[in-house]
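Work out the full structure: start from the sequences and follow the hints.
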Amino acid sequence: MSQFRSVNHPVRRVDAYEKVTGRAKYAADLRFDGMVWGKVLRSRYPHARIRSINAEKARSLPGVLAVLTAQDVPGAKTFGIVVPNQYLLADDRVRYLGDGVALVAAETESIAQAALALIEVEYEELPGVFDPLAALEKGAPTLHAEAPDNLAVHHHVQKGDLAAGMAEADLVLEREYRTQFIEHAYIEPEAVLALPTHPFGHYLTIYGSFQNIYNIRRSVAKVLALPLNRVRLVQATLGGSFGGKDEVMHAMAGRAALLAQATGRPVKMVNSREESILESYKRHPYILRYQAGVKKDGTISAMKIEVYADAGAYASMTPFVTWRSVVQATGPYQVPHVRTDIYGVYTNNTYTGAMRGFGSPQVCFANESFMDEIALELGMDPIEFRMKNALVDGSVTATGQVLNRHRVSLKEVLSQALEAVQYQDKVREYRRFNETNAEKKRGIGVAVSYRGVSLGGEGTDAAGAYVSVQQDGSVIIHSGLVEMGQGLRTIYTQIVAEELGISADRIVFLDTDTSVNLDSGPTVASRSTIMGGSAMKDAAGRLRLTIHGVAADKLEVAQDDLTGEAGIIYSRNNPEKKITFEEAVRHTALRGLRLTELGWYQGPKVSWDEEHGQGDAYFTYVYAANVAEVEVDAETGQVEVLRFTAAHDVGRAINPENVRGQIYGGVAMALGYGLLEEVEMDKGVTRNLNFDEYFVATTMDVPDIQAIIVENPDEFGPYGAKSVGEPTLEIGAPAIANAIAFATGKRLRELPMDLERVLLGHSLRERRTKRGSVER
Amino acid sequence: MVNDFRLVRPKTLPEALGLLDEFGQEIEPVAGGTDLLVKLEDGRIRPSQVMDLSALNELKQIRLVGEDLHLGALVTHTAVLESPLTRTEAPLLVMGCRTVGSTQIRNMGTLGGNLATASPAGDSIPALVALEAKVVLASKKGERTLPVEDFLVGPGKTERRREELIKEIILPCAREGEKGFYNKLGQRNALAISIANVAVWVRLGERKNTLSRVRIAFGALAPTVKRGRMVEDALTDRELDEASLKGITQLAWKEVAPITDIRASAQYRRDMAIALLYQSLYHILFLS
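Sequences listed follow chains A and B, in order. Going by the numbering used here, 30 is the number at position 30 of the first sequence; the sequence numbering is gapless. Going by the numbering used here, 287 is the number at position 287 of the second sequence; the sequence numbering is gapless.
One should not assume that every hint holds.
Said to hold, decoys possible - No farther apart than 20 angstroms at their CA atoms in a straight line, the calculated lysine to aspartate or glutamate pairs in the DMTMM-like style are these:
| id | chain 1 | residue 1 | chain 2 | residue 2 |
| --- | --- | --- | --- | --- |
| 1 | A | 304 | A | 161 |
| 2 | B | 39 | A | 120 |
| 3 | A | 388 | A | 439 |
| 4 | B | 39 | A | 275 |
| 5 | B | 39 | A | 692 |
| 6 | B | 39 | A | 439 |
| 7 | B | 39 | A | 109 |
| 8 | A | 57 | A | 120 |
| 9 | B | 254 | A | 635 |
| 10 | B | 246 | A | 274 |
| 11 | B | 179 | B | 68 |
| 12 | B | 179 | B | 67 |
| 13 | B | 246 | A | 633 |
| 14 | A | 746 | A | 377 |
| 15 | A | 295 | A | 174 |
| 16 | A | 441 | A | 693 |
| 17 | A | 441 | B | 143 |
| 18 | B | 246 | A | 439 |
| 19 | A | 77 | A | 146 |
| 20 | A | 746 | A | 174 |
| 21 | B | 157 | B | 28 |
| 22 | A | 440 | B | 28 |
Hint data in this document are derived by calculation from the structure and do not stem from the laboratory.
Structure below.
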């Protein structure tokens, strides 16, 4: 039996009922009296100078209330968390096709739409650059004055002596891998509703589909030249985000607020799917050049890695995304000599930023494919090769960090995954199958990873929590980290229930509101459970001390003899001595003691030396192993994933069912990443703007998934919990690539591994074709 | 953005044909709406009137008439999948309809609509062509009947005149000794427009591994769904084994005229015509 009453149990999601019955209100569901509609006119070219904008015709259309351009922005023209170089509205230049040029507010959505067509913009088209390697060449068109070489960022890792390491090697292997633009494909397109400061109060209120509410608030305040306390953001129920509802929402919230101030009316903006895919940022495509020196016995002696990331038009999260890549690029292996360089490069493509994985899916695809390729060259079993080089307790990472504060469970997760699939039996079975089948080929592939938990060297890492016990013993909690489908509200509810010894149904979770919650930084980096959960535990734990203090008094027992369970506080030594939680709360209130606590948790120390490319990058790590089993149609290139097995060390599963949900969802996204998805950019023009041509995996494509939860409690997490959100999708694609290589004998080094690529080894699709030109 | 239009909803076929006779040039008939609503939303069509056919219950029937099956134009893909009549009398059509879009699209989309849209990739059409189905077009002046193959002119183009409605589709009932197979290649297992597809109908010969009649229809491989008559002839009345099948199906390369688009290249599509045809015939001859 579990030592816990609420955590570590599959408690039902606290927000499930509203969502499955359609009662939950998403941003697009909200309406206010007097509400008007806002629309954005976007660029006509991926790169152009704006010579003039004439909005007279649009302004004179009946029903149009305002047409605004960059000159109407009262505060800063640009926003951005790391490098503020993204324009709320294009000033004199457009840098990608999704750039906003003008805004319209009108009485109805269709009038607003019609007004867009009446805005006359005179452009001077500029030569664009659409490939990161071309963008780094001398004389390439440039995007930003502060980056004359188009370089958004360069990070490196330097360990040991690369030349010496390569010289020791018996085999030096070099490979290049490429990944694609990926759309988050959240089911809810972006939406906001902004109320002006007057007549609604002394502050702006913006409801919306927000992920990182504090960052968004900062940008809105900046562009409107308002102090933070006059901008209030309220998160509506969020229909998925996956890292995606950040900068695109800075722009949308800022624009809606600008229109609300200009019109004095509530302004609603809702993106269509096409607008969403066109404007919103993507996961970075990477070009990854891997070189490794390996000894005959299978020991890796050195690795040299060079990576080019397409940042698109703006910096967005590129500096941080690429930093995670540079830290984790060698994979979970002991490599004595390392040199890794990563370059984030501006182009006139759609900008790229945060997406579930955050710089890991790309390097994992390259590195874990590469490991299989090296093993093949050595004539070694790929598992044996991984085991030989795997990080273990006390190992030193590529960044020089000694892993001695947590259990390095790489071998454990790998062994558990292999055992669950009966790996060696499967290898033999599929080899036999392939000998006797010409049309179908089967394969099995493995990939592993380690992943730094939370923000690490990116910056300040702290989170808060609010827990308030009401006089009847019911509880209200809220948090500055947000629910976006990942299950945060359920996890926090369980933690508070555990600490107070009550059942989860006595707790209500308040909506997220920047003016009420504690600024806890962004809800990213799989940090909600470990950071916000620790803050909840802190607040609830202090309330327990207060309430149990009163109970001890009443029961005349020592306080440390008391425990709480199912709403009863009782003496461990003499369970007859007991008091209900409500009763204890009533007495606490009568005594005038505080029944509300703010919790806080500051992440343990990390370090990063950018000059030397070394440091204790993250305070703890998680480990994962995935196994894919596939069947390839040798005549069409179709790949069916037959089974998928995913083992994850999560420290402690606060809610095992939720952990499994994360794994299932992550694997489904990884399958799309590996086999199906690609935002096709044709010289800066997005070709597939809806889900008829951008293929996410459907339920008919996702196989049986076996989720294996491994628990090695971590000293820094609440009850030992670490994280699970992002590791679940970072190694699916390489596991599938390795399985395809087993099946067909062909190594695919570019994503997605779609039909033609699997059959012919390369894509024949032309980029310059009309959408859906078969039918029209 | 959906533009403004007048919506008319006739209660009977004569009423509908009367409206078409009067306003044929400006009126756009809508059955399930799975294609039309997308075009309206995109602004690719801007009709002044839309005629909702959903009240014409007489066009929702599946009837056995002699040796033929009559399917009303408003029969949905789901109705084809669920009707005991189609399951026994038109199993090849059932196979095609099963691969259309998703449950929601199959619930709304109709056979008549799929034909009127005339996408080369339409999943119910190859079966109709392979079965030599006929389409009945009705207008105020009367009715005319055309083979489905002739009805299709090009991508989105058909022989339907503005004053005509598709009334029904007629196909011969399946008989003893006949077999069919529909083979679709899409990017994923649901909600995927065909990259290429093929429907094969055969009558088994008296001798083992022979076919006395063969009809093949290729989808998404030419401007319209297209019969493969050269391959059909080459397959008829000869003993087939894996090797000869491999050889003959290569002819498919000459039967098709695919294009390169966002889903696939022309060259890959040609290769797939051969692969899908081979797999279908292999299934019919050696696996079923």
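Quick rundown of the hints versus the structure:
Restraint check: the Cα-Cα separation between residue 304(A) and residue 161(A) comes to about 11 angstroms, which is no more than 20 angstroms; the hinted pair holds. A C-alpha spacing of about 26 angstroms is found between residue 39(B) and residue 120(A), which places the hinted pair above 20 angstroms, so the restraint is violated. As the CA atoms of residue 388(A) and residue 439(A) are separated by approximately 36 angstroms, the hinted pair breaks the 20 angstroms bound. With a CA separation close to 17 angstroms, the supplied pair residue 39(B) and residue 275(A) stays within the 20 angstroms bound.
At most 20 angstroms may separate the alpha-carbon atoms for a hinted pair to count; residue 39(B) and residue 692(A) meet this at roughly 14 angstroms. Restraint check: the Cα-Cα separation between residue 39(B) and residue 439(A) comes to about 40 angstroms, which exceeds 20 angstroms; the hinted pair is violated. Proposed proximity of residue 39(B) and residue 109(A) is supported: the alpha carbons are some 19 angstroms apart, at most 20 angstroms. In summary, the hint linking residue 57(A) to residue 120(A) is supported, as the alpha carbons are separated by about 8 angstroms, within the 20 angstroms threshold.
Using a Cα cut-off of 20 angstroms, the hinted pair residue 254(B) and residue 635(A) holds, with the two alpha carbons roughly 18 angstroms apart. At most 20 angstroms may separate the alpha-carbon atoms for a hinted pair to count; residue 246(B) and residue 274(A) exceed this at roughly 44 angstroms. Simply put, residue 179(B) and residue 68(B) have alpha-carbon atoms about 17 angstroms apart, close enough for the 20 angstroms limit, and the pair holds. A hinted pair counts as satisfied when its Cα atoms are at most 20 angstroms apart, and residue 179(B) with residue 67(B) qualifies at roughly 17 angstroms.
Proximity of residue 246(B) to residue 633(A) is assessed by CA-CA distance (about 16 angstroms); at most 20 angstroms being required, the pair is judged to hold. This hinted pair checks out: residue 746(A) and residue 377(A) have alpha carbons roughly 14 angstroms apart, not beyond 20 angstroms. Pair hint residue 295(A) plus residue 174(A) holds up; C-alpha atoms about 15 angstroms apart against a cutoff of 20 angstroms. Restraint check for residue 441(A) and residue 693(A): not satisfied, since their Cα atoms lie roughly 27 angstroms apart, outside the 20 angstroms limit.
A hinted pair counts as satisfied when its Cα atoms are at most 20 angstroms apart, and residue 441(A) with residue 143(B) does not qualify at roughly 53 angstroms. Proximity of residue 246(B) to residue 439(A) is assessed by CA-CA distance (about 12 angstroms); at most 20 angstroms being required, the pair is judged to hold. For the proposed pair residue 77(A) and residue 146(A), the alpha carbon gap of about 16 angstroms is at most 20 angstroms, so the pair holds. For a cut-off of 20 angstroms, the pair hint linking residue 746(A) to residue 174(A) stands: about 17 angstroms separates their Cα positions.
About 14 angstroms separates the Cα atoms of residue 157(B) and residue 28(B), which keeps this hinted pair within 20 angstroms; it holds. Straight-line distance between C-alpha atoms of residue 440(A) and residue 28(B) comes to about 46 angstroms, which puts the hinted pair past the 20 angstroms bound.
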